[in-house]
Amino acid sequence: MRAERGRTKKLILAFHFQFADQAGWKCEECRRSGLEEKRRCALRPGAEPEPSRVVWVRNGAVAERCPKSLITGESLALIEAYCAWKLNGGGDYRDMPVREVEAFWVLEQELRKEMERRGDE
Amino acid sequence: MAQEGEVVLKEMRYESVRTVESAVMPGVRFRIRKMSLERRVELTRRLGELLKRIEYLEAGREPGERIAAAEAASEVERIHLEWGLEGIEGLEIDGKPATAETLIAAGPEALSREILQAIRAECGLSEAERKN
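Chains as they are written, first to last, in this note's numbering: chain X, -17 to 103; chain W, 312 to 443.
Please note that the accuracy of each hint is not assured.
Here are the simulated lysine to any residue pairs, SDA-like style, with alpha carbons at most 25 angstroms apart [to be verified]:
1) W:Lys345 - W:Trp394
2) X:Lys68 - W:Leu348
3) X:Lys95 - X:Gly73
4) X:Lys68 - W:Arg372
5) X:Lys20 - W:Pro374
6) X:Lys68 - W:Arg350
7) X:Lys(-8) - W:Leu362
8) X:Lys20 - W:Val352
9) X:Lys95 - X:Cys65
10) X:Lys8 - W:Ala379
11) X:Lys68 - W:Glu433
12) X:Lys8 - W:Glu322
13) X:Lys8 - W:Gly435
14) X:Lys68 - W:Ala379
15) X:Lys68 - W:Leu358
16) W:Lys345 - X:Ala66
17) X:Lys8 - W:Glu366
18) X:Lys8 - W:Leu358
19) X:Lys(-8) - W:Arg344
20) X:Lys20 - W:Glu369
21) X:Lys20 - W:Leu362
22) X:Lys(-8) - W:Arg357
23) X:Lys(-9) - W:Glu373
24) X:Lys(-9) - W:Arg356
25) W:Lys345 - W:Ala379
26) X:Lys8 - W:Lys345
27) X:Lys20 - W:Gly435
28) X:Lys20 - W:Arg350
29) X:Lys(-9) - W:Val352
30) X:Lys(-8) - W:Arg364
31) X:Lys8 - W:Gly375
32) X:Lys8 - W:Ser327
33) X:Lys(-9) - W:Lys321
34) X:Lys(-9) - W:Glu322
Sample of chain X residues with no beta-carbon within 12 angstroms of chain W, all distances over it, derived [to be verified]:
35) Lys(-9)
36) Ala2
37) Val44
38) Ala59
39) Arg76
Note that these hints are calculated values from the structure, not bench results. All C-beta atoms in this analysis are idealised placements derived from N, C-alpha and C, irrespective of residue type, glycine included.
Required output: the full structure, derived from the provided sequences and hints.
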């Protein structure tokens, strides 16, 4: 249950991170500026447990570590699959694997939030 | 026979695999998978975290990180080959018809590089990205 919640959280994070300014999160600049510790990069080897604090927020998605370092290949793949599904007109979900349906449902909610946010601007 | 003014619909044919004649090993042909929405998703699933790790390691100053980045880049190449190579014809490796697995494990490196380049071109990677 906890792992599932963690997966959903990472999926939401990945979804909103793609709308953020990516330039500020390039590893090269981040590491050169010594920001990897401050941003609590999850890729740092042997990173000691530090008190948690928010390092990135966007439209309700919150990361206590560098968001880029937390995003999984699975989340990126689900977002791509979701975009493909939308592009194809959002086919019948009954033929899809349960895990994909769950992910798409989460992404639909997040997309709605994003659209609402843009409408408010 | 179509009448005058009648529209004839031709059936579109699409091959999801492309056959390439090897330039480095004449007589060898290989089949590579063309990109599709589903195949792109599969590739992202397999490469997503590895590419992120490479970016992190390449940004480091420690020699160990550079080595680890090179190792991870080799792993990316292996995944690209496994993902994109459908089959090889006209080549035997150690007396057996070559497959993607035997090519990666024991095949001629020049051919592997040629196939890799063709797969990456199929993925739509730029020349600079292909070199990485």
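How the hints compare with the structure:
{"no.": "1", "hint": "W:Lys345 - W:Trp394", "verdict": "10 angstroms, holds"}
{"no.": "2", "hint": "X:Lys68 - W:Leu348", "verdict": "12 angstroms, holds"}
{"no.": "3", "hint": "X:Lys95 - X:Gly73", "verdict": "22 angstroms, holds"}
{"no.": "4", "hint": "X:Lys68 - W:Arg372", "verdict": "42 angstroms, violated"}
{"no.": "5", "hint": "X:Lys20 - W:Pro374", "verdict": "23 angstroms, holds"}
{"no.": "6", "hint": "X:Lys68 - W:Arg350", "verdict": "17 angstroms, holds"}
{"no.": "7", "hint": "X:Lys(-8) - W:Leu362", "verdict": "17 angstroms, holds"}
{"no.": "8", "hint": "X:Lys20 - W:Val352", "verdict": "33 angstroms, violated"}
{"no.": "9", "hint": "X:Lys95 - X:Cys65", "verdict": "16 angstroms, holds"}
{"no.": "10", "hint": "X:Lys8 - W:Ala379", "verdict": "19 angstroms, holds"}
{"no.": "11", "hint": "X:Lys68 - W:Glu433", "verdict": "24 angstroms, holds"}
{"no.": "12", "hint": "X:Lys8 - W:Glu322", "verdict": "47 angstroms, violated"}
{"no.": "13", "hint": "X:Lys8 - W:Gly435", "verdict": "22 angstroms, holds"}
{"no.": "14", "hint": "X:Lys68 - W:Ala379", "verdict": "38 angstroms, violated"}
{"no.": "15", "hint": "X:Lys68 - W:Leu358", "verdict": "23 angstroms, holds"}
{"no.": "16", "hint": "W:Lys345 - X:Ala66", "verdict": "16 angstroms, holds"}
{"no.": "17", "hint": "X:Lys8 - W:Glu366", "verdict": "8 angstroms, holds"}
{"no.": "18", "hint": "X:Lys8 - W:Leu358", "verdict": "18 angstroms, holds"}
{"no.": "19", "hint": "X:Lys(-8) - W:Arg344", "verdict": "30 angstroms, violated"}
{"no.": "20", "hint": "X:Lys20 - W:Glu369", "verdict": "19 angstroms, holds"}
{"no.": "21", "hint": "X:Lys20 - W:Leu362", "verdict": "22 angstroms, holds"}
{"no.": "22", "hint": "X:Lys(-8) - W:Arg357", "verdict": "17 angstroms, holds"}
{"no.": "23", "hint": "X:Lys(-9) - W:Glu373", "verdict": "33 angstroms, violated"}
{"no.": "24", "hint": "X:Lys(-9) - W:Arg356", "verdict": "17 angstroms, holds"}
{"no.": "25", "hint": "W:Lys345 - W:Ala379", "verdict": "30 angstroms, violated"}
{"no.": "26", "hint": "X:Lys8 - W:Lys345", "verdict": "30 angstroms, violated"}
{"no.": "27", "hint": "X:Lys20 - W:Gly435", "verdict": "36 angstroms, violated"}
{"no.": "28", "hint": "X:Lys20 - W:Arg350", "verdict": "37 angstroms, violated"}
{"no.": "29", "hint": "X:Lys(-9) - W:Val352", "verdict": "20 angstroms, holds"}
{"no.": "30", "hint": "X:Lys(-8) - W:Arg364", "verdict": "17 angstroms, holds"}
{"no.": "31", "hint": "X:Lys8 - W:Gly375", "verdict": "20 angstroms, holds"}
{"no.": "32", "hint": "X:Lys8 - W:Ser327", "verdict": "35 angstroms, violated"}
{"no.": "33", "hint": "X:Lys(-9) - W:Lys321", "verdict": "48 angstroms, violated"}
{"no.": "34", "hint": "X:Lys(-9) - W:Glu322", "verdict": "45 angstroms, violated"}
{"no.": "35", "hint": "Lys(-9)", "verdict": "16 angstroms, holds"}
{"no.": "36", "hint": "Ala2", "verdict": "15 angstroms, holds"}
{"no.": "37", "hint": "Val44", "verdict": "20 angstroms, holds"}
{"no.": "38", "hint": "Ala59", "verdict": "4 angstroms, violated"}
{"no.": "39", "hint": "Arg76", "verdict": "18 angstroms, holds"}
The earlier numbered hints that this structure contradicts are 4, 8, 12, 14, 19, 23, 25, 26, 27, 28, 32, 33, 34, 38.
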